[in-house]
Amino acid sequence: EAQVTQNPRYLITVTGKKLTVTCSQNMNHEYMSWYRQDPGLGLRQIYYSMNVEVTDKGDVPEGYKVSRKEKRNFPLILESPSPNQTSLYFCASSRPQGQTGNSPLHFGNGTRLTVT
Amino acid sequence: DQQVKQNSPSLSVQEGRISILNCDYTNSMFDYFLWYKKYPAEGPTFLISISSIKDKNEDGRFTVFLNKSAKHLSLHIVPSQPGDSAVYFCAAPGTSYDKVIFGPGTSLSVIP
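Taken in sequence, the protein lines are chains A and B. Per this note's numbering, the first sequence runs over residues 1 to 116. Per this note's numbering, the second sequence runs over residues 1001 to 1112.
Worth flagging that the hints you see were computed from the coordinates, not collected in a lab. Among the clues, some could well be false.
To spell it out: a stretch of chain A is covered by chain B in this simulated footprint if at least three of its residues, at any positions, have a beta carbon under 8 Å from a beta carbon of chain B; those stretches are [as the list claims (entries may be wrong)]:
{"#": "1", "segment": "12-19"}
{"#": "2", "segment": "23-30"}
{"#": "3", "segment": "56-68"}
{"#": "4", "segment": "105-111"}
Distance windows between CB atoms, simulated [as the list claims (entries may be wrong)]:
{"#": "5", "chain 1": "A", "residue 1": "Asn109", "chain 2": "B", "residue 2": "Gln1003", "range": "48 to 54 Å"}
{"#": "6", "chain 1": "A", "residue 1": "Gly16", "chain 2": "B", "residue 2": "Asp1059", "range": "43 to 49 Å"}
{"#": "7", "chain 1": "A", "residue 1": "Lys71", "chain 2": "B", "residue 2": "Asn1067", "range": "38 to 44 Å"}
{"#": "8", "chain 1": "B", "residue 1": "Tyr1039", "chain 2": "A", "residue 2": "Asn26", "range": "45 to 51 Å"}
{"#": "9", "chain 1": "A", "residue 1": "Gly16", "chain 2": "B", "residue 2": "Thr1045", "range": "19 to 25 Å"}
{"#": "10", "chain 1": "A", "residue 1": "Asp56", "chain 2": "B", "residue 2": "Gly1016", "range": "28 to 34 Å"}
{"#": "11", "chain 1": "A", "residue 1": "Leu88", "chain 2": "B", "residue 2": "His1072", "range": "24 to 30 Å"}
Being a predicted model, the structure only gives us computed values, none of them experimental. Built from N, CA and C at the ideal position, the CB exists for glycine as well.
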């Protein structure tokens, strides 16, 4: 089954304790991206990757890191989490956005992070 | 500054009637638009899209209309079913095509 898998689904942590949210896709997609969803703000892009070893900042990258060492995996790293990073996080993948940006995104089921 | 706007946070419709969800955008360079549907505790799923060279795209009960001059698009669901109750996001690829910009979403409730 084609899917994007995120782990964990729920995470409660304390300020400053480094954490990693994993994301893996089995569709051989080149493009991967992380979003956070907050009430009234929709989905805001954190980081994206066009392919292996190619990553770039989205609209809200502060406080986050990513890496793309393999095509299927795109972990999100919070080296020193803060309460304002409490949010619902989604990983997504797609074929290349190409010249028209018309490749639909496939999303994971989300990770609800609480930082106290 | 939100480039993709959905000004109605919520919408309630009777089963069998039409649901109309609206989306406005600010950047006239956007040339492709997508709608995603999201159920609680799940990730968004792609629903329907439209290219700027068209003004309408239909897929079963779902139709998206695009008015480029008004920078407005709408999603029509006819007839609405209780299973359509979800949050609907309007999205557009950024002008560099490597970003995808989402609106804040509209929560649709279809009442049996």
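Against the structure, the hints come out as follows:
{"no.": "1", "hint": "12-19", "verdict": "violated (count 0)"}
{"no.": "2", "hint": "23-30", "verdict": "violated (count 0)"}
{"no.": "3", "hint": "56-68", "verdict": "holds (count 3)"}
{"no.": "4", "hint": "105-111", "verdict": "holds (count 6)"}
{"no.": "5", "hint": "A/Asn109 / B/Gln1003: 48 to 54 Å", "verdict": "violated, 27 Å"}
{"no.": "6", "hint": "A/Gly16 / B/Asp1059: 43 to 49 Å", "verdict": "holds, 48 Å"}
{"no.": "7", "hint": "A/Lys71 / B/Asn1067: 38 to 44 Å", "verdict": "holds, 39 Å"}
{"no.": "8", "hint": "B/Tyr1039 / A/Asn26: 45 to 51 Å", "verdict": "violated, 22 Å"}
{"no.": "9", "hint": "A/Gly16 / B/Thr1045: 19 to 25 Å", "verdict": "violated, 35 Å"}
{"no.": "10", "hint": "A/Asp56 / B/Gly1016: 28 to 34 Å", "verdict": "violated, 46 Å"}
{"no.": "11", "hint": "A/Leu88 / B/His1072: 24 to 30 Å", "verdict": "holds, 28 Å"}
Consistency note: the structure conflicts with the earlier hints numbered 1, 2, 5, 8, 9, 10.
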